[in-house]
Amino acid sequence: MALAQPVLTKRIPTPPFGNMADRKTVSYEQFVASDGYKGLHRALSMTPKEVVDLVKASELRGRGGAGFPAGLKWSFLPPEDGKRRFLAVNADESEPGTFKDRMLIDFDPHVLLEGIAICMHACRLDTAYIYIRGEYHHQREVLEHALKEAYEHKIFGDGSMLGKINELSPNCYIHRGAGAYICGEETGLLESLEGKRGWPRIKPPFPAVAGAFGRPTIINNVETLAMVGPIVLNGADWFKGMGKGRAEGVPASVPASFGPKLFGISGHVNRPGVYEENLGIKMSELIERLGGGMRNGKKFKAAVPGGISMGVLSTDQYDAELDFDIGKKYACLGLGTAGVIVMDEETDMVAVARNVARFFSHESCGQCTPCREGSSWIYKVLSRIERGDGTTRDLDMLLELSGSMGAMPGTTICGLADGTNWAVRTIVNKFWGEFESRVKKERYVSLAVAGTR
Amino acid sequence: MAWITKNSGSATVARRDEPYLTDEMKAKAEREILPRFPTKQAATIPLLHEIQHAYNWIPMQAIEELAAYLELSASQVLDTATFYEEFFLEPRGEYTVWVCRSISCELMGQDKILRAAQDKLGIEPGQTTPDGKFTLMHVECLGSCGTAPCALVGEKLHECLTPESFAKILDETK
Chain A
1 MALAQPVLTK
11 RIPTPPFGNM
21 ADRKTVSYEQ
31 FVASDGYKGL
41 HRALSMTPKE
51 VVDLVKASEL
61 RGRGGAGFPA
71 GLKWSFLPPE
81 DGKRRFLAVN
91 ADESEPGTFK
101 DRMLIDFDPH
111 VLLEGIAICM
121 HACRLDTAYI
131 YIRGEYHHQR
141 EVLEHALKEA
151 YEHKIFGDGS
161 MLGKINELSP
171 NCYIHRGAGA
181 YICGEETGLL
191 ESLEGKRGWP
201 RIKPPFPAVA
211 GAFGRPTIIN
221 NVETLAMVGP
231 IVLNGADWFK
241 GMGKGRAEGV
251 PASVPASFGP
261 KLFGISGHVN
271 RPGVYEENLG
281 IKMSELIERL
291 GGGMRNGKKF
301 KAAVPGGISM
311 GVLSTDQYDA
321 ELDFDIGKKY
331 ACLGLGTAGV
341 IVMDEETDMV
351 AVARNVARFF
361 SHESCGQCTP
371 CREGSSWIYK
381 VLSRIERGDG
391 TTRDLDMLLE
401 LSGSMGAMPG
411 TTICGLADGT
421 NWAVRTIVNK
431 FWGEFESRVK
441 KERYVSLAVA
451 GTR
Chain B
1 MAWITKNSGS
11 ATVARRDEPY
21 LTDEMKAKAE
31 REILPRFPTK
41 QAATIPLLHE
51 IQHAYNWIPM
61 QAIEELAAYL
71 ELSASQVLDT
81 ATFYEEFFLE
91 PRGEYTVWVC
101 RSISCELMGQ
111 DKILRAAQDK
121 LGIEPGQTTP
131 DGKFTLMHVE
141 CLGSCGTAPC
151 ALVGEKLHEC
161 LTPESFAKIL
171 DETK
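Chains A and B, in that order, are what the protein sequence lines are. Per the working numbering, the very first residue in the first sequence carries number 1; after that it's consecutive. Per the working numbering, the very first residue in the second sequence carries number 1; after that it's consecutive.
It should be emphasised that the hints constitute simulated quantities derived from the structure, not laboratory data. Be aware that one or more of the hints could be misleading.
[Claimed, not checked] Calculated pairs, SDA-like style, for lysine to any residue (alpha carbon to alpha carbon, straight line, at most 20 Å):
| hint | chain 1 | residue 1 | chain 2 | residue 2 |
| --- | --- | --- | --- | --- |
| 1 | A | 329 | A | 318 |
| 2 | A | 440 | A | 387 |
| 3 | A | 164 | B | 152 |
| 4 | B | 28 | A | 157 |
| 5 | B | 28 | A | 140 |
| 6 | B | 168 | B | 152 |
| 7 | A | 196 | B | 60 |
| 8 | B | 156 | A | 196 |
| 9 | A | 83 | B | 36 |
| 10 | B | 112 | A | 346 |
| 11 | B | 40 | A | 214 |
| 12 | B | 112 | B | 88 |
| 13 | A | 148 | B | 40 |
| 14 | A | 148 | B | 33 |
Using the sequences provided together with the hints, build the complete structure.
Here it is in structure tokens:
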């Protein structure tokens, strides 16, 4: 069922509710005039624990890739000890195919600031750092301006409406990254925030116990926090009325896919962009109804469901339901950031795999050997296959290499290598014939041979 | 590639008498940057940005001055500075042209955009034009996949590029 009312795109004109050409940055006054900061006022009338319980009851799952329940994460914080606690907002959006946070910050920065303020109240966090990637120059300026407005209206700073937290005035700062994908990994982000190289930390301890500067820290994605304001304002049941609930007979302990989600569609479609829809929407519907269908009348070949580290969906998975259970059902890693990259029939999947492997070998932080060496060897092997110099053994080696690196086989600290692993494995497995015909040097039968190159 | 180490052990450091880390920068740091963090080290990245903003690159002497200012060793600051792709430890052109080469941009014809820039500027990625105006760089995902192919010129993002429009943008960049 299509989304009845826009939630996060309420103030950002988005088809079918509005026209993308009408998008403008929402000012503080415009935000307040359209129910903005009402969620914060309601949160302030509740005790911190009530707010955490409400977010927990809504079953809001993190929108940054892992899909971890946000309320549960908040409840992991140790009891207050009167010392400092931090919030790190992950705006280091660098996963290829993902550009939803950019849109939120570009046009409705206050929806993020409202979520930050509510989270600081609920979790008793005195300082928030918005870690924004270095390349987002315009977005940083928009946020700086919005933050100035928020300080003027006493959301943050001395005399803030949040009162004193840990005996300090609550503050929110923008922290600019400097071009490193790995800083989007939560502990890599914390290291970078502390002024070091963004090398992910070994867990445990988890950030909720010992995060930034060794103190309890909550790390949430931009979209997750932006969703908190509307949830507090409208209640958990309202949120759970959207998206996809549990199938019958599934116990309540299994997390479901409630609520709306921002989907970024890019690649070979007529109308790429960020759209908001219920979780559980079929990919075919997303492409046809929102993305305007395949470009140039071409046929669908493959799609990435949510940022390239999630792997690909094959041609016969066109109707895949985009929710948090997608991984189990369609043999990919998961929903990720819901940045859908659509590829048409002329796409060369070997080239896609090579591009993806290059991305991961370039962005590996170099800390764990399997990831650093493995990803660059995968890239070399794929380049060789693309040139036409590959052998059948190369394909086996690709699968062996990709199967032995990552946090899930247990050979690396963070999940970056799992991204390499799943992306390469799913592309090779789901398009085996294409790879096989390439290494056997038979005439290349796929239409890809008539592609753009 | 964050983990490629740069030659710093045997390099000679060019020095000048005038400090790179000026009193104004220190005043700004004390006013706006240092109070944000519980540790001094956390100011490393914001101050590296300040230095790069002022000089367009980060000289080794500036790293030493920054380390002394933050009560760190120079190697700690160098360690951080070499990790991030955006920090240039060598002089670069007035404008850095970052051409995105990740998957959505490649699907939408990034190779033609890059070729157009190479032809226009007469340089390969990683090089600077002889007049010192442009440095051409590859970059992974700029987070603008819906309007691919895209490129950053300086701090400005250009979207939905064609070889012609990109050549025109480079022409008009003054």
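For each hint, the structure was consulted:
1. A/329 - A/318: Distance ~13 Å between residue 329 of chain A and residue 318 of chain A Cα, so the pair holds.
2. A/440 - A/387: holds, 12 Å
3. A/164 - B/152: Answer violated: residue 164 of chain A to residue 152 of chain B is near 41 Å, above 20 Å.
4. B/28 - A/157: holds, 19 Å
5. B/28 - A/140: holds, 19 Å
6. B/168 - B/152: holds, 14 Å
7. A/196 - B/60: Since the Cα atoms of residue 196 of chain A and residue 60 of chain B sit roughly 17 Å apart, the hinted pair holds (cutoff 20 Å).
8. B/156 - A/196: Answer violated: residue 156 of chain B to residue 196 of chain A is near 27 Å, above 20 Å.
9. A/83 - B/36: holds, 16 Å
10. B/112 - A/346: Holds, at about 17 Å.
11. B/40 - A/214: At roughly 14 Å apart (the allowed maximum being 20 Å), residue 214 of chain A and residue 40 of chain B satisfy the hint.
12. B/112 - B/88: violated, 26 Å
13. A/148 - B/40: Given pair residue 148 of chain A, residue 40 of chain B is violated - Cα atoms ~24 Å apart, limit 20 Å.
14. A/148 - B/33: holds, 16 Å
Consistency note: the structure conflicts with the earlier hints numbered 3, 8, 12, 13.
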